[in-house]
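Enquirer: Taking the hints into account, I'd like the entire structure generated from these sequences.
In order, the protein sequence lines correspond to chains S and R.
Just so we're aligned, residue 1 is where the first sequence starts under our numbering, counting upward by one.
Just so we're aligned, residue 1 is where the second sequence starts under our numbering, counting upward by one.
Hints in this document: simulated from the structure, not taken from any laboratory.
Quick caveat, the model's predicted, so the values are computed rather than measured.
Do not take every clue at face value.
As the list claims (entries may be wrong) - Among chain S residues calculated to face chain R with C-beta under 7 Å, some are:
1) Arg105
2) Asp125
3) Gly130
4) Ile132
5) Pro136
We put the CB at the ideal spot given by N, CA and C, even for glycine.
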Amino acid sequence: MVLRSMRRATIFLFSILGFTALPSVAQQPAGPNKAVQITGLVGVKTNTSGNLTLENGSLQFASSGAKVSVPIHSVEDVITENDSQRVFRGTLGTLTMFAPYGGGRFLSLFRSKIDTLTIQYRDTDGALHGAIFTMPLGKADPFKKDLVSQGARTSIPMQDDSGSSKAKPEAAKEKKP
Amino acid sequence: MKRSLYITTLAVLLVGIHAAPARLLAQAPTPPAKKASAIQVLMVTSDEIKLPAEFQISLYENLIQQLEKQGGFQHVYREGDHHADGAADLVVLHSNVRGFKKGNEMARNVTTVTGKTSIDVHCQFTDKDGKSVLERDLNGKVQFFGGNLRATLDFAKKAAKLAHDSFAANPVS
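Expert: Written as structure tokens, this is what we have:
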């Protein structure tokens, strides 16, 4: 009797786990790259998260509030670099600063590595714009490769780029405390 | 003994009084520059040091945002904007980064006293013909809270205030 009820409970538990796991597998984005726009795109607030895609010869950033498109042929420079950021950031990160017994300081030790993608482009009036995005680690270089293959220019070719892993310039490295 | 002490004190005071005007003259601000209705911001350069691209872009974009926020100029043009060619009284802002120290956000958060990020920028304002009308060294830093790029915002605020106070045709924003 007990064994039967345990078996039922286990099956029930696994079925719930299966249902919650399935959508997350299905929602893995194939094309779009998740990115956070730090600054630069007209009409998009700073630190807005959204999806970066390459569609119909243009670089598109779509967030919940705005969708901005930049023609790839107008992109004059694409540069990728590495950085790191606090795991607990934003409002939560600010609130942790007030945690007692140095809890905020302790939590700020937890950091995640990210890639940064920086682009320079010109609008229809010839005005120079710049935009900075952060992306998950290892995503910026393939995206840059796609951008360059579709007509964007870069001052640092792919093999020499600071990139995400190997050759990092001194200026891009964070100094150890 | 008392007399020599008196004379020495008097001499020090006299030297101080003489030196004060010279110091004041040295710190005197440059004569007021001409007013302008429009300003053009050129891309930030860094000839002497290697500046990460994200800092370069952040400096440029923050400069434009802060100049627009401060008000006082009818137009804030970006580099290469064709509309700037027709502007009559235009000042052009050239910014050259001369010092950069990329600090460490984690060190700032943990220790409070280390990990400062600082940027030293030489700002030159020229008229349309390229003649320099004002030059100043400004810096931006982030000492306690925030990411490293926050130093660029600090600099941009100072540069926008300088431009506003020196050239804005409509000082009341």
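Enquirer: Hint by hint, which ones does this structure get wrong, listed from lowest number up?
Expert: 5
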